[in-house]
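Enquirer: As given, the protein sequences belong to chains A and B, one line each in that order.
With the first letter of the first sequence counted as 1, position 89 gets the number 334 in this note's numbering; the numbers rise by one all the way through.
With the first letter of the second sequence counted as 1, position 171 gets the number 605 in this note's numbering; the numbers rise by one all the way through.
Simulated from the structure, these hints should not be mistaken for lab results.
Accuracy of the hints is not assured; some may be wrong.
[Stated by the list, open to error] Taking lysine-lysine and the DSS-like style, the derived pairs with C-alpha atoms no more than 25 Å apart in a straight line are:
{"no.": "1", "chain 1": "B", "residue 1": "K563", "chain 2": "B", "residue 2": "K503"}
{"no.": "2", "chain 1": "B", "residue 1": "K456", "chain 2": "B", "residue 2": "K636"}
{"no.": "3", "chain 1": "A", "residue 1": "K414", "chain 2": "B", "residue 2": "K456"}
{"no.": "4", "chain 1": "B", "residue 1": "K456", "chain 2": "B", "residue 2": "K563"}
{"no.": "5", "chain 1": "B", "residue 1": "K563", "chain 2": "A", "residue 2": "K414"}
{"no.": "6", "chain 1": "B", "residue 1": "K503", "chain 2": "A", "residue 2": "K414"}
{"no.": "7", "chain 1": "B", "residue 1": "K507", "chain 2": "A", "residue 2": "K414"}
{"no.": "8", "chain 1": "A", "residue 1": "K281", "chain 2": "A", "residue 2": "K339"}
{"no.": "9", "chain 1": "B", "residue 1": "K507", "chain 2": "A", "residue 2": "K340"}
{"no.": "10", "chain 1": "A", "residue 1": "K414", "chain 2": "A", "residue 2": "K339"}
{"no.": "11", "chain 1": "B", "residue 1": "K507", "chain 2": "B", "residue 2": "K636"}
{"no.": "12", "chain 1": "B", "residue 1": "K507", "chain 2": "B", "residue 2": "K641"}
{"no.": "13", "chain 1": "A", "residue 1": "K339", "chain 2": "B", "residue 2": "K507"}
{"no.": "14", "chain 1": "B", "residue 1": "K503", "chain 2": "B", "residue 2": "K640"}
{"no.": "15", "chain 1": "B", "residue 1": "K503", "chain 2": "B", "residue 2": "K636"}
{"no.": "16", "chain 1": "B", "residue 1": "K507", "chain 2": "B", "residue 2": "K640"}
{"no.": "17", "chain 1": "B", "residue 1": "K452", "chain 2": "B", "residue 2": "K538"}
{"no.": "18", "chain 1": "A", "residue 1": "K414", "chain 2": "A", "residue 2": "K281"}
[To be verified] Pair ranges (Cβ atoms, derived):
{"no.": "19", "chain 1": "A", "residue 1": "S308", "chain 2": "B", "residue 2": "R638", "range": "23 to 31 Å"}
{"no.": "20", "chain 1": "A", "residue 1": "N371", "chain 2": "B", "residue 2": "C528", "range": "12 to 20 Å"}
{"no.": "21", "chain 1": "A", "residue 1": "R372", "chain 2": "B", "residue 2": "R638", "range": "46 to 54 Å"}
{"no.": "22", "chain 1": "A", "residue 1": "I377", "chain 2": "B", "residue 2": "K563", "range": "44 to 52 Å"}
{"no.": "23", "chain 1": "B", "residue 1": "I451", "chain 2": "A", "residue 2": "S308", "range": "46 to 54 Å"}
{"no.": "24", "chain 1": "A", "residue 1": "F346", "chain 2": "B", "residue 2": "A512", "range": "16 to 24 Å"}
{"no.": "25", "chain 1": "B", "residue 1": "R638", "chain 2": "A", "residue 2": "L404", "range": "42 to 50 Å"}
{"no.": "26", "chain 1": "B", "residue 1": "K641", "chain 2": "A", "residue 2": "L404", "range": "22 to 30 Å"}
Keep in mind that this is a model prediction, so the values were computed, not measured.
Virtual Cβ for every residue (Gly too), placed ideally from N, Cα, C.
Each chain, letter by letter, is given below.
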Amino acid sequence: MTSEPLWFIFVNACFINNFVLAYFLGICPFLGVSGKLDTASRMGGAVTFVMLVSSLCAYGIHSLLIIINAPYLQLISFIVVIASTVQLVEMFIKKFSPTLFRALGIFLPLITTNCAILAVALFQTNRGYDLIQCLIFALGAGIGFTIALVIMAGLREELDFTDLSNIVKGTAITIMVAGLLSLTFMGFAGLGGH
Amino acid sequence: MNTTESSVNKLSTDDFIKGLWKENPVFIQVLGMCPVLAVSNTATNALAMGLATTFVLIMSSTLVSAFRKFIPKQVRIASFILIIATFVTIVDYCIQAISLELYKALGAFIALIVVNCIILGRAEAFASKNTIGKSFLDALGMGAGFTFALLTLGAVREIIGVGTFFGVSLFGHHYEPWMVMILPGGGFFSLGAWLLFFNWLKERQKKRPTLQTEGEVIQ
Numbered sequence: 246m247t248s249e250p251l252w253f254i255f256v257n258a259c260f261i262n263n264f265v266l267a268y269f270l271g272i273c274p275f276l277g278v279s280g281k282l283d284t285a286s287r288m289g290g291a292v293t294f295v296m297l298v299s300s301l302c303a304y305g306i307h308s309l310l311i312i313i314n315a316p317y318l319q320l321i322s323f324i325v326v327i328a329s330t331v332q333l334v335e336m337f338i339k340k341f342s343p344t345l346f347r348a349l350g351i352f353l354p355l356i357t358t359n360c361a362i363l364a365v366a367l368f369q370t371n372r373g374y375d376l377i378q379c380l381i382f383a384l385g386a387g388i389g390f391t392i393a394l395v396i397m398a399g400l401r402e403e404l405d406f407t408d409l410s411n412i413v414k415g416t417a418i419t420i421m422v423a424g425l426l427s428l429t430f431m432g433f434a435g436l437g438g439h
Numbered sequence: 435m436n437t438t439e440s441s442v443n444k445l446s447t448d449d450f451i452k453g454l455w456k457e458n459p460v461f462i463q464v465l466g467m468c469p470v471l472a473v474s475n476t477a478t479n480a481l482a483m484g485l486a487t488t489f490v491l492i493m494s495s496t497l498v499s500a501f502r503k504f505i506p507k508q509v510r511i512a513s514f515i516l517i518i519a520t521f522v523t524i525v526d527y528c529i530q531a532i533s534l535e536l537y538k539a540l541g542a543f544i545a546l547i548v549v550n551c552i553i554l555g556r557a558e559a560f561a562s563k564n565t566i567g568k569s570f571l572d573a574l575g576m577g578a579g580f581t582f583a584l585l586t587l588g589a590v591r592e593i594i595g596v597g598t599f600f601g602v603s604l605f606g607h608h609y610e611p612w613m614v615m616i617l618p619g620g621g622f623f624s625l626g627a628w629l630l631f632f633n634w635l636k637e638r639q640k641k642r643p644t645l646q647t648e649g650e651v652i653q
C-alpha cells in the first residue's frame, strides 16, 4: 500500500473516493453549510486546514503510541488533537475575520465532530502512509471535501429560485441532489483503475 | 417521595418514546447522517451499527449525567468527547473479538461513532441537564430510534439492491438486482425517499389539527 505514487493518493482522496460523495464522511456540514457559495468555500478552506494539521499530529501520535506500545489510546488521542486544532482555528478566525466567524456559526466548533477529519487520521494510519503521503492524502481529502461542498452550494443557490412543493423543500431535495452528484463522481473511478 | 418518583417515571416514558418517532434522530432531526448512509448497505451491517451506537449512547449519556455536577462548563465538550471515545474504543475491541467479518464490513465506521453528532448532541442537550434515570431512558429511546431508522434504510437497500434480507434470498435467481442501491448514490436516494415520506406525513398532520390534538391526548 505504501508504494502508491503521490499523485494517485491525491486523486484517489480527492475524486475517486471523494470523502463526502463516496465514503459519506462529513455529511452534517455538507448539508448544513452548503446554503451559500461564499460560506461553503471558506468552510472548505477551514476544514482542509484542520485536516492538514491533524493529519500531521496524528502521524506523530501514531509513531509515539507504537513506541510506548499503547494502540488502544489511538482513538482518544486523535480526537483530543482534533478538538484542540479546531479550537485554535476558531480563535484564529474570530480574530481575523469576525464576519466569517458569524457566517460559519455553530458549524465551526462542529468541525470537531466532522467525521471526515477523524477519518483522515484513521485511514492514513490503517494504510500505513509515511509523512509525505499523509500530508498529500489530507490535502486531497480536504480539497475533495471543498469541491463537493462548493458544487452543492452552487446547486442549492439555484434551487432557491425554483418552485418546489413544501414536501420536497429542505433536506430531502438536498439529499436527492447529493445522490445524483455521487453518481456523477463515480465516473472518476476510471481515473485510477480502482 | 412516591409522588415525585411517579412523576419522574411518567416523564420518563415520554423521554423514551419521543426518540422513536416524534424526535427520531435520523428522520426528523437529520443527525448522524454519515454512518446512516455508509453502513446501511445491508440489513445486518445496519443492525450491528445501530446496536453499537445505542450501546455507546446509553453508556456515555449515563456517565455524563452522573458526572454533570463535577464537570466545569468550560471543558464540558472535551470531557464528553473523552467519555464517548472511551466507550467507542471498548465497542471497537468487542466487535473485533466477536466477529472479525463484521469488523471488516463496518471498517472505520466503528471508530467514527465518536464523531456521531447524535451522541454528543444528546450528551450536551439532555444528559448534562437531567437525572441519570431520565438520561438513560432518553439515550435508550434515541438509540432505538437510530437503530430503527438504520434498519429500515438497510432493509430497503438490501432488498432492492441485492434481493436478499439478512442474507436470505427473497426473489429467487431471476431477480436482477439494482446495483445502484448498494452504491453510494443509492444511499442518498433511499434516505431522500424516506425523508420525503416523513415530510409528507408531517404535512398531512398539519392539515388535520383536530386529529393531532386527539392523538396527543391519547398519548
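Enquirer: Identify every previously stated hint that the structure contradicts and give their numbers, smallest first.
Expert: Failing hints, ascending: 5, 6, 7, 10, 11, 12, 14, 15, 16, 17, 19, 25.
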